[in-house]
Each structure stands twice: as structure tokens, then as C-alpha cells.
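Number of protein chains: 2
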Amino acid sequence: MEMNPINKQSDDCDPDRPAHPGVFPSGEAGKSERNPAERRVDFPVSVVLPAGGTGERTGLQTPKQFCSFLGRQLISYTIQAFERVSWIQTIVVVVAKENTDLMTDIIQRFQHRKVRVVPGGSTRHRSICNGVLALGSGQDEEGGSTAERPKVVIIHDAVRPFVEEDFLYKIAMAAKEQGAAGAIRPLVSTVIATTSEGYLDHSLERAKYRASEMPQGFTYDVIHQAYQSCTESDFEFGTECLHLALQYCGTNAKLIEGPPTLWKVTYKRDLAAAESIIKEALSRTACVITGGSAQAVTLAEALQKAVGALEMELDAIPDLMGDNARYLVTEWNFIHVSISGSCLSEVEALLTALEAANRAILHPLVVILVHLSTSDELSISGRMAEPAAITDLASAAKLRNIFVYGVLLQQSKDTDCWERSVLRVAEITSALIRERSSALVGQLLQA
Amino acid sequence: MEMNPINKQSDDCDPDRPAHPGVFPSGEAGKSERNPAERRVDFPVSVVLPAGGTGERTGLQTPKQFCSFLGRQLISYTIQAFERVSWIQTIVVVVAKENTDLMTDIIQRFQHRKVRVVPGGSTRHRSICNGVLALGSGQDEEGGSTAERPKVVIIHDAVRPFVEEDFLYKIAMAAKEQGAAGAIRPLVSTVIATTSEGYLDHSLERAKYRASEMPQGFTYDVIHQAYQSCTESDFEFGTECLHLALQYCGTNAKLIEGPPTLWKVTYKRDLAAAESIIKEALSRTACVITGGSAQAVTLAEALQKAVGALEMELDAIPDLMGDNARYLVTEWNFIHVSISGSCLSEVEALLTALEAANRAILHPLVVILVHLSTSDELSISGRMAEPAAITDLASAAKLRNIFVYGVLLQQSKDTDCWERSVLRVAEITSALIRERSSALVGQLLQA
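Protein chains in written order, with full-length UniProt numbering: chain G, 1 to 447; chain F, 1 to 447.
A few of these clues could be false.
[As the list claims (entries may be wrong)] Restricting the straight-line Cα-Cα distance to at most 30 Å, the calculated cross-link-like pairs of lysine-lysine (DSS-like) are:
id: 1; chain 1: F; residue 1: K264; chain 2: G; residue 2: K279
id: 2; chain 1: F; residue 1: K208; chain 2: G; residue 2: K264
id: 3; chain 1: F; residue 1: K114; chain 2: F; residue 2: K208
id: 4; chain 1: F; residue 1: K398; chain 2: G; residue 2: K279
id: 5; chain 1: G; residue 1: K398; chain 2: F; residue 2: K97
id: 6; chain 1: G; residue 1: K208; chain 2: G; residue 2: K114
id: 7; chain 1: F; residue 1: K264; chain 2: F; residue 2: K176
id: 8; chain 1: G; residue 1: K305; chain 2: F; residue 2: K398
id: 9; chain 1: G; residue 1: K279; chain 2: F; residue 2: K279
id: 10; chain 1: F; residue 1: K279; chain 2: G; residue 2: K264
id: 11; chain 1: G; residue 1: K264; chain 2: G; residue 2: K305
id: 12; chain 1: G; residue 1: K264; chain 2: G; residue 2: K114
id: 13; chain 1: G; residue 1: K176; chain 2: G; residue 2: K305
id: 14; chain 1: F; residue 1: K264; chain 2: G; residue 2: K208
id: 15; chain 1: G; residue 1: K413; chain 2: F; residue 2: K398
id: 16; chain 1: G; residue 1: K151; chain 2: G; residue 2: K176
id: 17; chain 1: G; residue 1: K398; chain 2: G; residue 2: K279
id: 18; chain 1: G; residue 1: K398; chain 2: F; residue 2: K413
id: 19; chain 1: G; residue 1: K208; chain 2: F; residue 2: K208
id: 20; chain 1: G; residue 1: K151; chain 2: G; residue 2: K114
id: 21; chain 1: F; residue 1: K151; chain 2: F; residue 2: K170
id: 22; chain 1: F; residue 1: K97; chain 2: F; residue 2: K264
id: 23; chain 1: G; residue 1: K264; chain 2: F; residue 2: K264
id: 24; chain 1: F; residue 1: K305; chain 2: G; residue 2: K398
For the record, the hints were derived by calculation from the structure and aren't laboratory data.
Using the sequences and the accompanying hints, generate a full structural model.
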């Protein structure tokens, strides 16, 4: 996709959580204004995520919260968005009985730690009610005790994966103060009233109305009382929690305009959009490991110039020793440069270190071996360790969710020729990092 | 993106227009019910496409209708959607003065033939009004005469590229009958009224309201009179054409529920979604050219089995002679199989034929050379025409929007080993076709 200029967004990962990394894109609207030090809520907050939907509108048989991109289910991205917020205690995921095992697998595989699974009801309100009651009981499914009863409950959708800490903070604070709070967005289309025969009756004045979105927040007491008091008809046909709070607790919710990233994954195309947002977030930075040789450092500098135009930030380091070990635990892709001859043992060490740092649990990680050949020989087989050995290494790494690719670069004394080759390396490596294609793992590409 | 099962959708291209091909995805909602023979309108219909927006909401500096994916601007995809409908006469595109040259370039480059460019006004209604008046004048910008005055004018957005003939037919027929017709969709979110202090006042009953979308249709007389009668305030602040038709002509528009594909590209993520829909539509079919050799035919049959699981349809043909020339003019990607030795002259002939058929004007076209090596030698250089020659060929083809890639496949007598290799070829070729990466053009991949 060609879109210029693209605003570079800051890498929004939390440096305090090396054992559970996961870059998360900040809003399309721009940089997050969050400052965690100032904006930590000091009362218990928990989350209810109803995830019992059937996904009819995506045109897929799999409910959309369980559709995957980059090897992970949508609901896991949403859980991650809450788990990385330090002041959120518990995330209650409400799923249909038939999806309980799948949900348990997802929690184990992606090492989610704050999640409790609760069985869903026959409607959205019954499911949310189950989640709220589970938070109040202080017991999990097996009867074990859990965190204290929350002061505020945030209700969200499993299919809105890009909610940000900043906005959750606003919702939580407003909910505590007012009893209820909800996200709103401007109306995208004009809303019209229709006659019973399917003709235009009148159109609404757009400025007076808003779309009600998620997340919403309630004090535990308000949402609990609302569900205690509401009717069977509300449980059956109602959709709007804010409405229940108003009707049964007299609580007028505070409405807060949310960012466009709160959008709901509804259609198949929305899955592609979500995937592209995640891919972009994962492709902002790469770390070039030069091994310290002068030639590799020169190449790294040339690449830094070339990728500048391609909207990627490159750091160059000699190795991952000492302070540079920090690159292992935050969101970097790797470009490993080697000069004439095998580099496989170094690459194996890099892969082992990345695995030890738990770097590829949430997203596939890209490692590109760039082999700089200084010989004049044109045959590929002489330039790099046996291609078959690299293919094997890449196949093994792929099982651990690390995508390894190779790029062959011929040193040239002709300046024009060399600059063209470096530009090709920049294009190829940034395409490999951005596209993260599993079918091309282990390939040796020619710059 | 992993989504199973994906409904295969029929290739929705028009066989009557070989000189101007262009696959167009049928709706996400499923197969189009259109039957062009039955559903041809017999009165003149033209289109006004207001395209003066500034694109603020995408977070991009380029207005979104001029953002590109797969090398083409969004507005060209929308124009294509109308141009391929045989009963549509003229498409008036209304653009801001500063984008007139860009629009003219787009029309030339993508060989649009039904388009007239008209300068925009300061608001949406003024722009649409300019477009309607231009249709009435029967003259283009240079004073040349154009098609007759339309009976029905369809108004659409430049940023809704996936409108289908089927739905345009319904809008045109209803507009002729009722004077006005418009697309509606169910509300995605609850609509709420807010107090002036930002609190919930009440929520609307969702079943009574709809979102008003595009396209809309009007008889020329109704839309013309509406704009003649409306006030400066309507021109300045109004958004809804259906409302003007009701207020100034007493015409209650017929409302027709449209498919989800009518959605409006609003945010940056929507461009990614649109790109993925186009890429999927372009990746449904590939044609394997075997040259007739038994080995290549066996490989083609094995590939057909393997790609079945990958949701792609493969046809195998010996060459493009006679009746098989039809593959050149409709939407096929190509996999050219060669056995031991150079195949470059045949590939050059294929590229020349594709260029003569105008196949790569609207979308990049993929041609993959699969080289089946029967020798036991492992060195790559011996297996295929000099890699450098293929790189040169691919670079030249890329300038003509044809993306050439190579895949090397080693014949094996070991059945397991052979089946694994064929599966790898299937995975690699379908990934190349789907991802259409320009950075990887000219690469030789190893199956």
C-alpha cells in the first residue's frame, strides 16, 4: 500500500515487561498521550469481555473473535491490549460452552495471565451479566479465590483489539465519578427514519446524535444493580448497557469521544485491516548486527540511509553483549550481516537468545541474514554456507515462530552498482519484515 | 490471514471487454445475482462522482480518493466499477482545481473512457450540483458535445470502490419509478442523543432507523430541480441529497438495503482492507503452461491437487495457441513450467502476448517461471538460465506492470520428497500470486 507521508508512530511497548513482550500499535489518530506515571488508577478495575458472538456478518464459519492473523486469534490481541495495562486486575472472558476448550488453549499458548473464562448466556446481556457476577463472587470456576471485587467494571468487545490505555483510563475515572461512562464516536453516515413501506420519512440532524461504542465503564454497584433489576425483555432484546444504568439506577452515563481505533471488527475486510495495523506496528524498527567488521558497519550505515526513505528505523550494533542485550527483549527485527563464509553458528546463538527472551510468543519475529560477498565469483554456492543448511535452520526456527530469510549481496567497487545493490537490500529486507510471509521462510534472495 | 473456510467467489469479469480487462470482486456477502441479459436498463443513466474531499480522517496528506494500492489510485477502482456497466453512459468526476491534472493523468494511464472531469465547488452539495449541471449541458469542458441528457443520475462517492452492477440496477430502476432512491444499511452501533453537558439523554430504537449510504439515484428532473430550489444554507451545511429531493420536490425516496461492500474508505485501515479485497479477487486463478511435456503435465496435476487446499483454481494447458488464447484476455495469473535448460525465449513470447492483450494496465499481473530440474546436480547455476538473465527480464517486465518470479524445483524419485517439494511450489506460487510483492520481483526461489 502506498501512502505518503505516513506518520511514524512511537513504539508503544512496555519496557517493564520483558518476559511478555508485545508491541501494540498506538492509534491511527496519532501518538498516544498516555503518561503511565501520572495516569495510574488507584482503585481496583476489572474487565468483562463478552465473546459469545457467532460471526455471521464476516461471512465466515469461525466466529470472528476466533479468526486468526499472523498465527493468533483476534481475541488474544484484545486480551493483550488489557493485560499490558498494569492497573487492570482481571479480564473475564465470557464464551459459549462449545468454545471453552479453544479459549483455554489460546490462554495457554499466548501465556495470558489475567484471564478468567466464564460460560456465556443466550444473549449478549446474559453473557455480560454472567461476567459481572463472576467478578463479584471472588471465586473462579474451580472455586479458587481471586482478586478483590472491583470498584469499576469495564465492558468491552472481544472484536475491538486496538483499545488504548489512555482511553481506558478516561473511562475508568469517569465511571468511578459518575457511575457510568461510555465511548462515543461521530456518526459516519446520516441516520434516517424509514416509513413502514420502505420510503424516507425524515433524516436526523447529525450534530445531535452520536454512535455508542465500546468500552463502557460502570461502578460495580451500578452495573450489578442494573442487571438485578432489569426485565426478561431487557435480557432478551436489549443491547445498550448505558440504557440499563439510566433506566434502573438513574445514572446518566458520561460520554467520552473515543479514537477511530475503537472500531469493531465486523466483516472479513476488517480482519485484513487489523492485520495490516499489526504488521505496520511490527515493522517500524530493525536492528543490524554487524559483528564489528568495517565492511559490515559501512553496509549498515548505507542501509540506514536507504531505509529512511522506506519509513523504517534501523539501529546498528556490533553484537548483543552488555547493554545491547536490550534489543533482545523489546520489539526489534534483526538483520544479521556476515562477510564471506559461514555465519550459521552466530545466527544459531541469536535464535537461541531470542527464544530465551520469549520474543516470538505473540508475533512471528523476522531475522534476515545478509551475506556480503567480497569475492568476484558469481556462483551462489560459494558465497554463503550451504543453502540447505540455512533452509534447515529456517525450518526449525519457523516452528518457534521466528521467520528466517537470507539475502545475498555482492560487494562492488563500482559506486553506482554498489548503491543500487544496497537499495535493493533495503527494499527486500523491509518487504520481508513488513510482509512476514511464512511461505518464503528459508529463501535466499539476491540483492 | 487465515480464515477457513473461504467461500470461493466467481470471477466477475466481463468477457465482452478483452481490450480493457479488470477483475472485480463480487460482494463479500456472496455471489452477485446479476444477469446482464435480463437486467439492462433501457434509458440513459449517468453518474456523478464527487471527489473533492480532503482526506483528513485517514491521517494522510493525500486525499483518500487519490491514495494508491497495487499501483493505482482508489478513485480509478471506483471509476472502473462504473465503466464496466454497459448501460452507464458518462461518469462525471468532480475534483478540486488543484487535482485536475492528477485526475487527467489517472484517466490516461488507466485508459478510462467514459469519464468527464468537472471542477468542484466549496462544499459537497456545490460539487454535486456542478456535476449535475455538466450532465445537463451536453457539453464537456472544451465545448465538445457529449452523450444525451440522462433520464437518471446516480450519485456515488469516489471512496466506495466496490459498488456492483446488480445494486446499481436496483437504484436506477427505483429512481426512474419513484424519482429518487438511496442505499441504506442497518445501523452498526446504537445511536444515542447526548445532553449539552455530554451525558446520555436517550438511545434510539435501532429497528426504526437506518444509515443512509451511497449510491443514490434521481431522475435528472428531480435532482436538477432540488438544486435549483435549495437555499445557500443547504449548499453550505447540507449533506443528504435525499433530503433535498423530499423538501424541494416532495419526492419520498425509495430506500433499498445495500450489501456491506458499499462501505466507505474513511481511515487508513480501510485502504488496507480495500487492497486485501482486490488482492484476493486477483488471486483466485492461475494457468499452468506445461509446454506439453509429460513431466510438466505431471507436475501441473500435482500442483492442482496441492493448491485445491489453498483455495486457488488452476488450469493446465500445453500452450496459448488456438482456443487457449482466451487465457490471455481474462483474469489469469501464469505459471510457466520448463524442464532442464533455458526457457527464456518462451517466457519472452508470453510477456509480449500479455502486453499485446493489455493485461497489466489495471493491476500488476503475476508470471512465475517454475524450472523443473531433472539432473542430480545441486548447484543452482547449472539448473536454469543464468539468474542474471532472468533478473533482467523481470526488471523489464516490471516496468510494464508484470511481476516475474522464478521457482527452482528438483525432480526426485523419492515419493515423499517429491510430494513435499510440490507442496512447497504450491505454497510459494500461491503466496507470490497473493502477496504480489514488487520488492521480490526477479527472485529465484527454491522449492
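Quick check: which numbered hints come out false for this structure? 3, 5, 6, 11, 13
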